[in-house]
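Enquirer: Could you build all of it, start to finish, from the sequences and the hints given here?
Residue numbers (this note's numbering), protein chains in the order written: chain A, 1 to 252; chain B, 1001 to 1331.
Calculated directly from the structure, the hints in this document are not laboratory data. Treat the hints with care, as some may be off.
Unchecked claim - Per label pair, the in silico range of CB-to-CB distance:
#, chain 1, residue 1, chain 2, residue 2, range
1, B, N1162, A, K88, 52 to 60 Å
2, A, K88, B, L1212, 27 to 35 Å
3, A, K88, B, V1099, 33 to 41 Å
4, B, H1244, A, T111, 37 to 45 Å
5, A, G17, B, V1179, 49 to 57 Å
6, B, S1002, A, V9, 56 to 64 Å
Claimed, not checked - So the derived list for chain B, only partly shown, Cβ under 8 Å to chain A, looks like this:
#, residue
7, R1183
8, F1186
9, A1192
10, R1201
11, G1204
12, S1206
13, V1213
Here a beta-carbon is modelled for each residue, glycine too, at the ideal position from N, C-alpha and C.
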Amino acid sequence: MIDSVLRTVRLNKSFGGLIATNNVTLEFERGQVHAIIGPNGAGKTTLINLLSGDLLPDDGEILFNGRNITNLPPNKISQLGIGRSYQKTNIFAEFSCYENCWVAAQSRLNTSMRFFRPARQLKAVLERTERALELCGLSSRRDSRASAMSYGEQRQLEIGMMLATEPELLLLDEPLAGMGSEESLQVIELLRRLAADHTLILIEHDMDAVFSIAQRLTVMVNGRVLETGSIERIRSSQAVQEAYLGVAEDAV
Amino acid sequence: MSALIRSMPLLAALLALVLFPQFGSEYYVGLLTRIIIIALFALSLDLLIGYTGLVSFGHAAFYGIGGYALAIAFQDASVIPLWQALPLSLAAAAFAALVIGWISIRTSGIYFIMITLAMAQMFFYFFFESPRYGGDDGIFLFLKPVLMVGSEDILKLDQENNFYYFALSCLVSSYLLLVMILRAPFGKVIKAIKANEHRVRALGYSTSGYKLVSFVIAGTLAGLAGFLEGAHSGYVNPSYMSWHESGVCIAMVILGGMGTLYGPIVGAFIIVLLQNFLPELTEHWQLLLGGIVIAVVLFLPRGATSLYPRICDLIRRSRRGEREPQETADD
Ligand SMILES: Nc1ncnc2c1ncn2[C@@H]1O[C@H](COP(=O)(O)OP(=O)(O)OP(=O)(O)O)[C@@H](O)[C@H]1O
Ligand SMILES: [Mg+2]
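Expert: Dropping the structure here:
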């Protein structure tokens, strides 16, 4: 039996008549990088939204460290140690880069219902903020307004904010999308470093990146899990070749 | 711009306000007292509109409740002890804000505007139609609150100057209170909620709790303003809570510059002074007032107070010969 951090059991979600998540049963092993790939509209983001509490499933269960988190709101799930980054950049546009990470880092206080002492005197938050900036590679851009940064930098900030909450399980929705090759390499390097002491669930279209970081792979098509297993197994799977990888490689 | 230059006009204005009663006539001291009270009302709304992203269209409810709590409890009293009357008004406004807030923060955007408006209207009609509380005519108060220690009167608010300084110190302490709150962890969270509530929740905050606390703080400060207005004018009536009052309050916040604490104060000065002096110029003064509000919103979308940093910036840049504004964010 594997030591799973997160498990989904027959998860379903539909939008009107569209079944975006169809009977998804998956297990994510502690300490591993588990990539989810699939064509556009396969339901990858929807699955992440269910895991992070941004969406509620129609039925099925989600277990995190053995605990049922199926109907918990996003803030509770975040507090349990699941962090996520968004495919569509979701930051505080008018805040500085530093303040974006600050708000994230401050969320790990017991409570932010504190009214008297200035926030910037909180050393623990300060350190978490600095560490997150350092990790995502934006230390030198700390005072820039987020909306004035390049798209690639905003993507880095997206990851930095997630890291500032110090999660144990990271849900990364296309972290490399829209990045230049330089930035991409940096982020791949970061993910590799994070993989040493975190569990990662990584959605990514960049196959080279996926094959270089991930240990396990799940292929989704039309809301369903087509195949899941080790990299080698997926590479050699006939069904995957036909349904997805062949197409993807042709397209590149 | 250095913090000192930035806060210079603020300190100068405070000094002018402190010294004013030495020079101004009793009429103007009274007018200024009224402006200070309205400024406090607008300041409290800015915590919601400018910092938390909650556009409340029912803020006058708390202003009215602050006034009515004083008037109802002390209309027949032979003396109004400040340290009983003031906490009573604040508690009544806070409690009302807790209830109204608890219901309305479940909604957002246009629905939040509508529900706060509807709640305030309910209070308006309750007092409008209750003969016990004077109905349409409201309640008169023939005494002013007194601050007593033992049987000694420390501060009697029936002297115009005393009332003036009392109102001014309420405004200044509320201002400082908000500065403190906004710098504290709580303030960071509500500003983030205004920017992107969804992300704040995803980062692990239960946002509704923060919005509710912000709503209660703002409602309580509005109650303080209502208490002062009731005590100062000696008269409380349902129009305190009318949607018109809420609307003018929003206009003052926007006109002065929301999201800055001094903006709403300046907005209150502009609107009350215009309301006071325009009628002497023309009988179509309301039209003129509307025109001025529209012009400010069009040409200074960040409010009248954004003029000062703009001018400072312009001077500084022309000295240095720079052209492009820097892209660093303000704290
Ligand atoms: N909130 C929503 N309302 C209605 N339909 C939705 C919603 N979110 C997603 N969908 C639909 O569900 C399907 C799955 O979408 P999803 O975003 O999960 O795909 P994806 O695998 O992340 O695709 P991509 O690679 O383009 O990001 C799509 O057909 C999409 O149009
Ligand atoms: Mg997606």
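Enquirer: Between B/N1162 and A/K88, is the Cβ distance one that fits in 52 to 60 Å?
Expert: Roughly 58 Å apart at Cβ, these two residues keep to the hinted range, so it holds.
Enquirer: Once the shortest beta carbon distance from B/G1204 to chain A is found, is it less than 8 Å?
Expert: 4 Å, holds
Enquirer: Using the nearest Cβ pair, does B/F1186 come within less than 8 Å of chain A?
Expert: Since chain A brings a Cβ to about 5 Å from B/F1186, closer than 8 Å, the hint holds.
Enquirer: Would you settle whether the hint for B/R1201 is holds or violated, based on the nearest Cβ-Cβ distance to chain A being less than 8 Å?
Expert: Interface hint status for B/R1201: holds (5 Å vs cutoff 8 Å).
Enquirer: Holds or violated: B/V1213 as interface residue toward chain A, Cβ cutoff 8 Å?
Expert: 7 Å, holds
Enquirer: Mind checking the hinted window 27 to 35 Å against the Cβ distance between A/K88 and B/L1212?
Expert: 29 Å, holds
Enquirer: Would you settle whether the hint for B/S1206 is holds or violated, based on the nearest Cβ-Cβ distance to chain A being less than 8 Å?
Expert: With a closest approach of 5 Å, the B/S1206 hint holds.
Enquirer: With a cut-off of 8 Å, does the beta carbon of B/A1192 approach a beta carbon of chain A closely enough for the hint to hold?
Expert: Holds - the Cβ of B/A1192 comes within 8 Å of chain A, reaching about 5 Å at its closest.
Enquirer: Cβ-Cβ distance between A/G17 and B/V1179: within 49 to 57 Å?
Expert: Roughly 53 Å apart at Cβ, these two residues keep to the hinted range, so it holds.
Enquirer: Please check whether A/K88 and B/V1099 have a Cβ separation lying inside 33 to 41 Å.
Expert: 37 Å, holds
Enquirer: With 8 Å as the cut and Cβ atoms as the points, is B/R1183 at the interface with chain A?
Expert: It holds, given that the least Cβ distance between B/R1183 and chain A is near 4 Å, below 8 Å.
Enquirer: Is 56 to 64 Å a correct range for the gap between the Cβ atoms of B/S1002 and A/V9?
Expert: About 60 Å separates the Cβ atoms of B/S1002 and A/V9, which means 56 to 64 Å holds.
Violated hints are absent here; each numbered hint is respected by the structure.
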